[in-house]
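All chains, full assembly: derive it from the sequences and hints.
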Amino acid sequence: MKILVLMKQTFDTETKISLDANGKIDEAGVNFVVNPYCEFAVEEALRIKERLGAGEVTVLSVGPERAETSIRQCLAMGADKGVLVNTGGLEGGDEFTTAQIVAKAIEKVEYDIILAGFQAVDDGSAQVAPRVAELLGIPQVTVITKLELEDGKAIATREIDDGVEIIEVALPAIFTAQQGLAEPRYPSMKGIMQAKKKPMERYSLADLGLDAGLVGTDGAKVKIVELSLPTPRKGGKIVEGEPAEAAQKVVQLLRSEAKVI
Amino acid sequence: MSIIKGGSFIIENITPDQVFTPEDFTEEHRMIAKTTADFTEGEVAPLVEELEQQKEGLIRGLMQKAGELGLLGADVAEKYDGGELGKVGSSLITENTVKGGAFTVAHAAHTGIGTLPIVFFGTEAQKQKYLPGLATGELIASYCLTEPSSGSDALGAKTKAVLSADGKYYILNGTKQFITNAGFADVFIVYAKVDGEHFTAFIVDRDTPGLSLGPEEKKMGIKGSSTRPVILEDARVPVENVLGEIGKGHVVAFNILNIGRYKLGAACIGSSKYALEVSIQYALERKQFGRPIADFGMIRSKLAKMATRIYVGESMVYRNAGLLDDILSGIDQSSADAGRQAAKGIEEYAIECSINKVFASEVLDFVTDEAVQIYGGYGFIQEYPVERMYRDSRINRIFEGTNEINRLIIPSTLLRKGMKGELPLLAAAQKVMGDVLAAAQPVDEGLPLGLEKSLVDRAKKIALLFAGVAAQKLGNKLAEEQEILGNLADAIIEIFAMESVVLRTEKALAREGDRAQVKAKMARLYCYEAFQRVESLARETLAAVEQGDTLRTQLSAVKKLARVNPVNTIGLQRDIADRVIADGRYNF
Ligand SMILES: Cc1cc2nc3c(=O)[nH]c(=O)nc-3n(C[C@H](O)[C@H](O)[C@H](O)COP(=O)(O)OP(=O)(O)OC[C@H]3O[C@@H](n4cnc5c(N)ncnc54)[C@H](O)[C@@H]3O)c2cc1C
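In the order they appear, the protein sequences are chains U and P.
Here the numbering used here is used: the first residue of the first sequence is 1, the next is one more, and so on.
Here the numbering used here is used: the first residue of the second sequence is 1, the next is one more, and so on.
It is possible that some hints are incorrect.
Claimed, not checked - Here are the simulated DSSO-like cross-link-like pairs (lysine-lysine), alpha carbons at most 27 Å apart as the crow flies:
hint, chain 1, residue 1, chain 2, residue 2
1, P, Lys99, P, Lys219
2, P, Lys248, P, Lys129
3, P, Lys473, P, Lys560
4, P, Lys129, U, Lys197
5, P, Lys34, U, Lys198
6, U, Lys196, P, Lys65
7, P, Lys223, P, Lys99
8, U, Lys197, P, Lys248
9, U, Lys190, P, Lys99
10, U, Lys237, U, Lys197
11, P, Lys287, U, Lys16
12, P, Lys473, U, Lys196
13, U, Lys198, P, Lys79
As the list claims (entries may be wrong) - If you only want the chain U side, here are some residues facing chain P, beta carbon under 10 Å, derived:
hint, residue
14, Thr13
15, Glu14
16, Lys16
17, Gly29
18, Thr69
19, Arg72
20, Gly191
21, Ile192
22, Met193
23, Ala195
24, Lys196
Source of the hints: derived by calculation from the structure; they are not laboratory data.
Fair warning: this is a prediction, and the values are worked out from it, not measured in the lab.
Backbone N, C-alpha and C define an ideal beta-carbon position, used for all residues, glycine too.
Written out as structure tokens, the structure reads:
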């Protein structure tokens, strides 16, 4: 079985975000990691391969040159092959452009099933994989916590508001991973040393025949007008006194000061 | 790449491309560090409290898990199921286990002094029998050198080995003291004197009849690690378990300690980073007088000094690891005596290994002490992390050769190299005398690191000057004048520290541009202060060995060499603190 995983490189969640003089996110000194949700997808892909005792796991990422380090991280975990679509200066796209690029790149890859993180921890849009599914014209099941494969079809369990939904689809299909799908393994030292030797295909946007006007900021449907850091939280207020009395005071404050009721 | 001679830094200057620095980490190195840190944080750190209670079986289980990931086999060849990750890779693993409390100690002892004797000195049969198990964590090793009556004087061991009548066994009798991992080890590297005379290393299996363990010691720190006496009563050890040659146990013991020392350096730097990180976080959270204490100058100054010393120590540790990797890469791994050649290569850097041990263990003591201070009363309370860090730090100045013993090793090894003609020390010392009388070179402080390079160069001259005088005046008696040797050691340590940080920073400035500015500030702060310490060591030493006019002439030579424009170190500290606090951790 050929398993394709879509992976985004993101900021380490512990990174402190700061803006540079131009109001852009400052990348100096930042650690980049595999988006944690994509990591679940990679892990699930590896487990499928291990269960079947055969298969190939390919990890595809769209991003600047540095995204290669995260693909290598997945290869170190055990994936077989990497594909990097280097946006080479044409960053600043949105979910629409990214999905176009991914879909185009997938033409170069064989797959029976596609896995992805359900969202990236940076933008949190949860759109790219569903858009790709639409562009490829294949079924999608999002936010899954369990995946079972039987010949030609898959049974996926997905989280919904007050329970779970179990969905059966024909393959090929796209599945996006929620926490709980598969706890990612640590890459072993052996895996790390082998990662460099594994195949990595590289494409530029031009290689994929994508017009510069259709990607990056020019092609994006969403324009970022301005970035600002969240305003620091102000210190809270502690209301003292007997419970009944205090509750009364809180209601009063919510009405007069916070003006929320 | 040409091999740099051990100890040559004292008389020669080199360029940044000749040293390995963290700026040179490869993608694999970064992944090794990350995996180790993730593993320790995810699997070990949550259990630190239980580890402290020495919960039965816990460390073994964690070691096994670490083994599955390859975290125990960095120094073991691939053909014995190791990873051959090199000394840089192995240092990165050691450095990144530090959030694991007692696990860290068990890991370092097992992979270092426990496993390496077989890696370097084992026969093919011994390697095949033990290394795969040691690399995967199936077997755990310990190292038994110390005895109740012989610690620093390790060769004074009383444990005795006598060949059995049938010639098949050595019968061992004696007691080993303070043996790390003893409680759960399978393999004990034991040193004993054959016929009470020939110091020899043996591989002793746990189930050897006659081997037993004394009770766990109740310790000040690293409480979770197992430290017990190992008792040998007519223990029958098969002759094929002799490690290395009969009577050559000291070669095994001391070479292994060299590596143990540089590894300990890496562990101390890692622990220091962790202590700095929690200190910054605490300083930002704790409010007094209506402001976070991280606002206060005296707290900021502490954070800046902590970060600076860590930066310097890190520069030294990885420079040392790079030296070891370079010399080891020249060895044909398939040759039968590859291990011995490797040990010999490592011995070349005995001085550097001792320097790292002393410097990094003292950085950690400084950093954990300041960490407790930043936490105030809470630092004294067990609920807070720095209380344990402070206690755990202390052992590092004691084991793997006390810092006194390591301080003795540094100048005595250097002088021996001089005597043997391996390093032209005498010529260098004489040249300095001549140079001092000539006009002083003007320092171009406008150049990047111009001042720092000049300070390194002059510190070397000052050290050579006072070492030369001491050697000349005291001759053979120098070995008995430990205070002088100690001063020499301190000056040599400072020189290695200053040079390492300058070379690293030069590389960083070339590669990282503006972002390396804070590194340059740390280099300046450290070099300026260390230079003054070297000057004062020189003055103290000269005053002890010379008098009258000769002394006055020498002191004025030192004064001339030591002339330096004042540096605003408070300003430097402020800038360093800004960055460290903004990053929230050590991030250089
Ligand atoms: C927790 C712990 C774990 C340990 N793990 C191990 C282990 O796994 N394997 C092992 O073999 N050992 C181990 N040791 C032993 C350790 O290496 C020794 O304690 C250490 O080498 C010092 O020996 P000592 O305690 O006998 O002190 P001593 O040698 O008695 O030293 C006492 C003091 O005198 C100083 N001194 C001694 N000789 C000189 C000299 N010539 N000149 C100047 N000063 C001198 C020392 O520096 C020290 O300050 C461990 C110890 C501890 C506490």
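**Prompt:** Keeping to a limit of 27 Å between CA atoms, is the pair of Lys223 of chain P and Lys99 of chain P held or broken?
**Reply:** 15 Å, holds
**Item:** When the least beta-carbon distance from Lys16 of chain U to chain P is tested against 10 Å, hint result
**Value:** 6 Å, holds
**Item:** Distance restraint between Lys248 of chain P and Lys129 of chain P, which requires alpha-carbon spacing of 27 Å or less
**Value:** 22 Å, holds
**Message:** Using the nearest Cβ pair, does Thr13 of chain U come within less than 10 Å of chain P?
**Reply:** It is violated, given that the least Cβ distance between Thr13 of chain U and chain P is near 13 Å, above 10 Å.
**Request:** Quickly compare the C-alpha distance for Lys287 of chain P and Lys16 of chain U to 27 Å and report which way the hint goes.
**Result:** Holds - the C-alpha atoms of Lys16 of chain U and Lys287 of chain P are around 21 Å apart, at most 27 Å.
**Message:** Would the hint linking Lys99 of chain P and Lys219 of chain P be met if the CA-CA limit is 27 Å?
**Reply:** 19 Å, holds
**Prompt:** Within a Cα-Cα threshold of 27 Å, do Lys237 of chain U and Lys197 of chain U meet the stated pairing?
**Reply:** Violated, at roughly 58 Å.
**Prompt:** Holds or violated: Ala195 of chain U as interface residue toward chain P, Cβ cutoff 10 Å?
**Reply:** 7 Å, holds
**Message:** Lys34 of chain P and Lys198 of chain U were given as a pair; does the straight-line alpha-carbon distance stay at or below 27 Å?
**Reply:** Holds. Lys34 of chain P to Lys198 of chain U sits at ~20 Å (cutoff 27 Å).
**Request:** Have a go at the Arg72 of chain U hint: is there a Cβ in chain P nearer than 10 Å to its own Cβ?
**Result:** Holds, about 6 Å.
**Message:** Can you confirm whether the C-alpha distance between Lys197 of chain U and Lys248 of chain P stays at or below 27 Å?
**Reply:** Violated, because 42 Å separates the two Cα atoms, which is more than 27 Å.
**Status of the hint placing Thr69 of chain U at chain P (closest C-beta pair under 10 Å)** = 6 Å, holds
Of the hints listed earlier, those the structure fails to meet are numbers 4, 8, 10, 12 and 14, in rising order.
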